[in-house]
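Student: Sequences are here, hints too, so could you generate the full structure?
Residue numbers (numbering that gives the first Met the number 0), protein chains in the order written: chain C, 0 to 284; chain L, 0 to 267; chain X, 0 to 282.
Hints are computed from structural coordinates only; laboratory data are not their basis.
Small disclaimer: the values here were computed from a predicted structure and weren't measured.
C-beta: ideal position from N, C-alpha, C; glycine also.
One or more hints might be untrue.
Claimed, not checked - Simulated crosslink set (BS3-like; lysine-lysine; CA at most 27 Å straight-line): (1) C/K74 with C/K58; (2) C/K189 with X/K209; (3) L/K145 with L/K62; (4) L/K145 with L/K14; (5) C/K177 with X/K125; (6) C/K191 with C/K74; (7) C/K74 with C/K177; (8) L/K66 with L/K147; (9) L/K229 with X/K125; (10) L/K145 with L/K66; (11) L/K55 with L/K66; (12) C/K233 with X/K209.
Stated by the list, open to error - Covered by chain C, according to a simulated footprint, are these stretches of chain X (three or more residues, beta-carbon under 8 Å): (13) 239-251; (14) 254-260.
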Amino acid sequence: MDDHPPAIHCQQLDFVYPNGVQALSSVNLVIEPGEYIAFVGQNGSGKTSLVKHFNGLLKPTRGSVRIFGEDSSDKKVSYLSRKVGYVFQNPDDMLFCTSVQEEIAYGPRLLGMDHTEINQKVEHILLELGLDEHRETHPFALSLGDRQRLAVACALSLDPDVFVFDEPTTGQDYFGGKSIMNLIDQLHAKDKTIVIITHDMPLVAEHAHRVVVMSGGQIAMDGSPAQVFSQPEKLHQLSLRSPQVTQLAYEMGFTEQAILGVPEMVEWLSRSYLSADTTNPGSQP
Amino acid sequence: MMNIDMRTRKSPMQKLDGRTKLIALSVIFVLVLLFSHPAYILALLGVVMVIWWSAKLPLQTIKDLFKYFLVIAVIILVVQIFFYPGQTELIRLSNPVPAIGFSGFITLEGILFGVAMVLRLVVIMIVAPLMVLTTPLPELMLALVKLKIPYRFAFIMTTALSLLPSIQSHAAIIQQAQLCRGITYDTAGKFFTKLRASVALLVPLILGSFRDSQTLEIAMSSRAFGAPVKRTFLLDSQFSKIDYLILAVTIAILVTGIVLRILGFGVY
Amino acid sequence: MSALVEFNNVTYTYARSTKPAIEDISFSIEPGEFVALIGPSGAGKSTLCYCFNGSIPQLFNGSMSGNLNIAGCDPFEDDIPVLAQHVGLVVQNARTQLFNVTVIQEVGFGCENLGLPRPVILERVKQALDFVGLSGLEEREPTALSGGQQQRLAIACVLAMDPEILVLDEPTSELDPIGAEQVMDVIARMNQELGKTILLVTHDMEFVTKYASRVMLLNDRRLIMDGTPQEIFSKVELLAQSRIRPPQVCEVAEGLRQLGYRLDPLPVTLDDMVQSLKVLRHG
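Tutor: Right, here's the structure in full:
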């Protein structure tokens, strides 16, 4: 076996739901440890079906999925969840204990860790995620943002190397979305592999290092945000749109490379587009 | 005008007016409680099975129901056989044990009564799904309302039934989410792990349904639910000749049944 | 003539809550306006929506003060079914507000409750489904539709009751990009083609600037700003305090303003911005 296998390796992956709907066809994908990857695409494009293969929630109909070199087909989710943590869109679906600390201790206890080890782990996670003042609180008495942090804490308690987030900012305001994205960035800074599903293109441009666009159960585009967002026509065909600032740059004739953030845009406009000596927009970076 | 006839006319059962079905099935219900002789109940079971067959419903559904019912049936049978105070002694097992009400022998009456009880439950168990599976919920509601059941009550009953699939799919999502927490649902033998897992499933499910029910109340009143006027029903259903025929036959059977019962037939 | 909607010093406190959910809210809305209601989570946006059709105070055991006039009705006095004929409320989360077995039953439900004659209901159902682009799906189960279709169905359900005002609480927050665009298109057309008055709650500021002619900002239970998108998105600091991120073009405009460029009025949409930049460049 490979000494440094990819975190996730899908080969010729097909998935057909029991009702006959083909959700994935011939997906080939390698995710290396430490990547920060975003999956985008319309609902029904296969994003969720694909990432549910990363921790064995779904098993390939044909082809294979290997998780750190291990074939997922004969592994239980309970086993794979120690390698790949999965945070669902609605945190309430994941929570069922009577206090925040119980909730965090639940997974380690199932793993058979000893008492001291569990306590240490719980303490550590409570502090790390800023949940220590709520340790005795009933999970359902927390705010949505804190419930989501708790769902992350629960995944974290099993010490996985990969984290999958299904639409982590959906239904949240800007502040809530930003706070969960900061947390995800922190996990990435600690060498965790990050996989997010989202519809929020500015979020992709500002956080992810790689974007996979799904369409009709297949990978339609795969590259850095700059590469993907510099192809507005192709995105348009897939009914997706670059972040507004990227579109603006394109409209103003700057097409060489996608501008992903507001500061770069302001800089380009002031240095180049709006400066007096510019006569040929788009030709000067 | 657009087509609002949403009944797919597959079987004779589905062509019937909801009221006819409700009345006919209620009569079966009454008859099965009226008689206590296994032969009579067996005959009723035969009738119900013919209806099931004519409704083109899969036999598998009945088989699935029986999987859950088998244990209960055995318990009922055993309890009745051992404890029914009969006279016709068949097998002597031991001396009487009055402390637990055991006479010490098995009687013919005990066996017959036990068999009758089980058969009754079988009939009832098949009749209820027969109604639900052959009647789309709006028709069921219409039938209830036309039979003078208050609309609010009929609505709550049918809506509860219609929400079952969405509760089921939510349960499936919760189960997946919890698998990711390290729970295993298949831990053979470990009773408390299993129990813990089912509690884990129920807590978010119930809380979620509770939250949804508040939204539902707002959404329903936003659409004038409970307005103090006579409600219109988009769907309408009239008795056809077949409905009248079936109702006549049903009533004839009911009357015959009652007469037989008064004359002392069909009881043990 | 008085406004279509009037709130005067409205305060509402939920039962078992010490702080009001909305406090001292006053504003009025004229017929045909398209108003976006923005604000961070917990600011009181949904509470304000519920006041429009009497759900508050009638379905909750809270305490309410102030005066309201909703299309000539008083939510303190008039029953919700009466208000429902003037205000169509589409609550957050389409799935929970659909509870019938077929699409046609779902859309007809409101009119059935109002006791309208059957031919009238069928005509209204047909028109509503046409308008939201769901014709042909009459016999489908609402739960079998896509998220975007479900949300448009929820709109059709209240549209069939022909209200003057539509209140929509985050109708696009759970949808994919196509679904969201289609829902917003329906909302915009209700305003433009049918002359409906719209109150839209959303976190998507690009939708706000694209469609709304007026923005109300709710923060910490109070209405703190009320104006055109240009006015609202110029107040950079107030927005930051209210934890609202303006659309990216507004951020670019603000960046340019700080460098001394004059952008008046503030461009709030992509097209505005492209025009303003061209003007700025060529003088």
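Student: Does each hint fit the structure? Answer for all of them.
Tutor: To see whether the hints hold, each was checked on the structure:
As the CA atoms of C/K74 and C/K58 are separated by approximately 9 Å, the hinted pair is consistent with the 27 Å bound. With a CA separation close to 40 Å, the supplied pair C/K189 and X/K209 exceeds the 27 Å bound. With a CA separation close to 33 Å, the supplied pair L/K145 and L/K62 exceeds the 27 Å bound. Under the criterion of a C-alpha separation no larger than 27 Å, the hint pairing L/K145 with L/K14 is consistent with the structure, at around 17 Å.
For the suggested pair C/K177 and X/K125, the alpha carbons sit about 43 Å apart, so the restraint of at most 27 Å is broken. Straight-line distance between C-alpha atoms of C/K191 and C/K74 comes to about 22 Å, which keeps the hinted pair within the 27 Å bound. Restraint check: the Cα-Cα separation between C/K74 and C/K177 comes to about 35 Å, which exceeds 27 Å; the hinted pair is violated. In summary, the hint linking L/K66 to L/K147 is not supported, as the alpha carbons are separated by about 37 Å, beyond the 27 Å threshold.
Restraint check for L/K229 and X/K125: the C-alpha separation of about 22 Å stays at or below 27 Å, so the hint holds. At roughly 36 Å between alpha-carbon atoms, L/K145 and L/K66 are farther apart than 27 Å, so this suggested pair is violated. Restraint check for L/K55 and L/K66: satisfied, since their Cα atoms lie roughly 21 Å apart, inside the 27 Å limit. Taken as a hint, the C/K233 and X/K209 pair is honoured in the structure, with Cα atoms around 23 Å apart against an allowance of 27 Å.
Using a Cβ-Cβ cut-off of 8 Å, 8 residues of the stretch 239-251 of chain X lie near chain C, which meets the minimum of three, so the contact claim holds. By the rule of at least three residues with a Cβ nearer than 8 Å to a Cβ of chain C, the coverage given for the stretch 254-260 of chain X holds, with 4 such residues.
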